[in-house]
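Asker: Since chain A is already given, all that's left is putting chain B on it; use the hints.
Protein sequences, first through last, are from chains A and B.
Position 13 of the first sequence, counting from 1, maps to 13 under the working numbering, and the rest follow consecutively.
Position 342 of the second sequence, counting from 1, maps to 342 under the working numbering, and the rest follow consecutively.
Source of the hints: derived by calculation from the structure; they are not laboratory data.
Some hints here could point you the wrong way.
[Said to hold, decoys possible] Taking beta-carbon pairs under 8 Å as the criterion, some of the chain A residues facing chain B (in silico): (1) Glu-10; (2) Pro-11; (3) Asn-12; (4) Ala-13; (5) Ile-16; (6) Val-20; (7) Arg-21; (8) Leu-90; (9) Glu-96.
[Unchecked claim] Label-pair restraints from in silico Cβ distances: (10) Gly-223/B <-> Ile-121/A: 43 to 51 Å; (11) His-100/A <-> Asp-259/B: 32 to 40 Å; (12) Thr-35/B <-> Pro-111/A: 47 to 55 Å; (13) Glu-10/A <-> Lys-265/B: 30 to 38 Å.
Quick caveat, the model's predicted, so the values are computed rather than measured.
Virtual Cβ for every residue (Gly too), placed ideally from N, Cα, C.
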Amino acid sequence: MSDGELLDNEPNADSIMADVRRGSAYVGQVDTHSNQRRTQTPGWDQNDIALLQFHARSLNQPSVQLEIELDLTSTALDRLPVIGALWRRLRRMLHEVSLHYVRKVTLFLVPMHRHLANATILLLGYQMRQDEQIAALEQRIVELESRLNGATR
Amino acid sequence: MRIAWILPRYGPLVLGGAEAHARAVINQLVVRGYTIEVWTTCLRSLSYLRNELPIGIDRVDGVTVRRFPIDTNFQINLWTDPLTPGNQYLWARMSPHSTQLCDHIVRHAAEFDLLLFMPYSAGTTYHGAQLFPRKSVIWTCLHDEVQAYLQPTRDLLAGVCGLVLNCQAEQDFLEHSLGIRHPNTAIVGMGFEMTPGDAAAFRHAFPNLPQQLVTYAGRWELGKNLHVLIQYYRWYQNRRSNEQLGLLLLGEGPLGQHDYPGVYKLGFVDDATKRNAMAASAVLCQPSLAESLSIVLMEAWVQGVPALVNERCAVLLDHVRRSNGGLYFADYSDFEGALDYLLAHPQHAHQMGQNGQAYVAREYNIPTVIGRMEQVLHRSQQIAGNGLPPPRGSE
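The following block holds chain A by itself, in its conformation from the complex (with noise of 0.2 Å):
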């Protein structure tokens, strides 16, 4: 066989792909009711789709500022007379600069995640009018099912 030929029986990708978007290549292997609706999202019930809007909604707050504030514990040098407030407060200042830092971090990550939660959001909206779309056509299919069936009676 030469590069690229197929024999007659040989798989052929293409074909196969063809075959199962036409969802012809499920046929006698699973059942009927896998079947219908395929395009809905399989898999996410209502509450997994409330709690994403959720999330995705509070982290689209323009008001929601992540407020991390210094707490620092009491350790045994803290109880010593003039070194402890001493000690005290070099440990504040160091804790600082990590902070510093830290909310560097975080207004870098914000408008990012403000990015991602704007594009679920659309996306949710699309996937919930997807859904009532398919809906809708399901529903004229039984429609045209029963007309035609009384037609052929």
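Answerer: Then chain B, alone, in the frame of chain A:
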């Protein structure tokens, strides 16, 4: 011929396509008498830009490796900031690189016939290849991604002595999407040993795994689209409830922190275990969009395993269509249908695996690949040695 091979990461602990690729080709060229030194940084992972490996000289497979500390100084976010020309150049300049590595190139480039950089997207390539463009060859490993279209990338690729590519789809992307027709371009790829794996040994070592495995191998990162595969697999199991089926993940990375039912994480495994795992798999799934060759796809085909790849990656689709070694998906609906087909038609699936194996043996056998590599190296050496100006190929 003396070659300095420059890339951001190198070594046995480094997980990455370009890096594994470099190591295989370097070892094959050294056997043929080439003198090669690897100049790299102390990075181990691209997810965590940290100097994890020791600075200084190391030996990997008998090859001298010099590691320099990485500078991390990102100031521009490619995904959120506007892509003005100024930002594009600033982003390219700020991409992770090593000032000490650049200094080493300046001091020692004259001792080598060629400087070979890979991949195109690395800061080490952007900064290093501009120092001596007349003797610099870039092994591009191009992907269809934002970074490839930036003006600094186009300037870089058009201005060097030669370009090495992995497959025809990559050349099509270079010429038709980026508009770069470089006169010294060669499709080389990577050579693979046709070593069979031992499925029975793998089953013996991991007896608790399900009977049928969909396997993913590579970095566990968003960039490799692994999250899409996991989500698709969960949806698939929600609808099919196939207890005989499992998703096997080989590799490591940030996405490995969560556990999902039916998803088995083996982590970073040695080459023999990887071969055995592939041989024991029903399907190799490659969901990535950013591939310039896909070593794991070839490794699965070497084991005669059919593939299920992302149609939106031109390279993967081209491999599958040319080999007829698997199926492809663009969305969940395709994924479900294609996986159903492969599991329900074992004879066809087996035939597809065999087709893939024949494709690798024909296109990516070691003598052919090394022959193509030697041709481009000698042609580049002539261009560099004659002091010709760097070819101008950008349209």
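Asker: Now, for every hint given, state plainly whether the structure supports it.
Answerer: Here's how the hints hold up against the structure:
1. Glu-10: holds (6 Å)
2. Pro-11: This interface hint holds because 4 Å falls under the 8 Å limit.
3. Asn-12: holds (6 Å)
4. Ala-13: Interface hint status for Ala-13/A: holds (5 Å vs cutoff 8 Å).
5. Ile-16: holds (6 Å)
6. Val-20: Since the shortest Cβ distance to chain B is 3 Å, the answer is holds.
7. Arg-21: Because about 7 Å separates Arg-21/A from the closest Cβ in chain B, which is inside the 8 Å limit, the hint holds.
8. Leu-90: With a closest approach of 27 Å, the Leu-90/A hint is violated.
9. Glu-96: violated (23 Å)
10. Gly-223/B <-> Ile-121/A: 43 to 51 Å: violated (24 Å)
11. His-100/A <-> Asp-259/B: 32 to 40 Å: The hinted range 32 to 40 Å holds for His-100/A and Asp-259/B, with Cβ atoms some 36 Å apart.
12. Thr-35/B <-> Pro-111/A: 47 to 55 Å: holds (49 Å)
13. Glu-10/A <-> Lys-265/B: 30 to 38 Å: holds (36 Å)
The structure does not agree with the numbered hints 8, 9, 10 stated previously, though it agrees with the rest.
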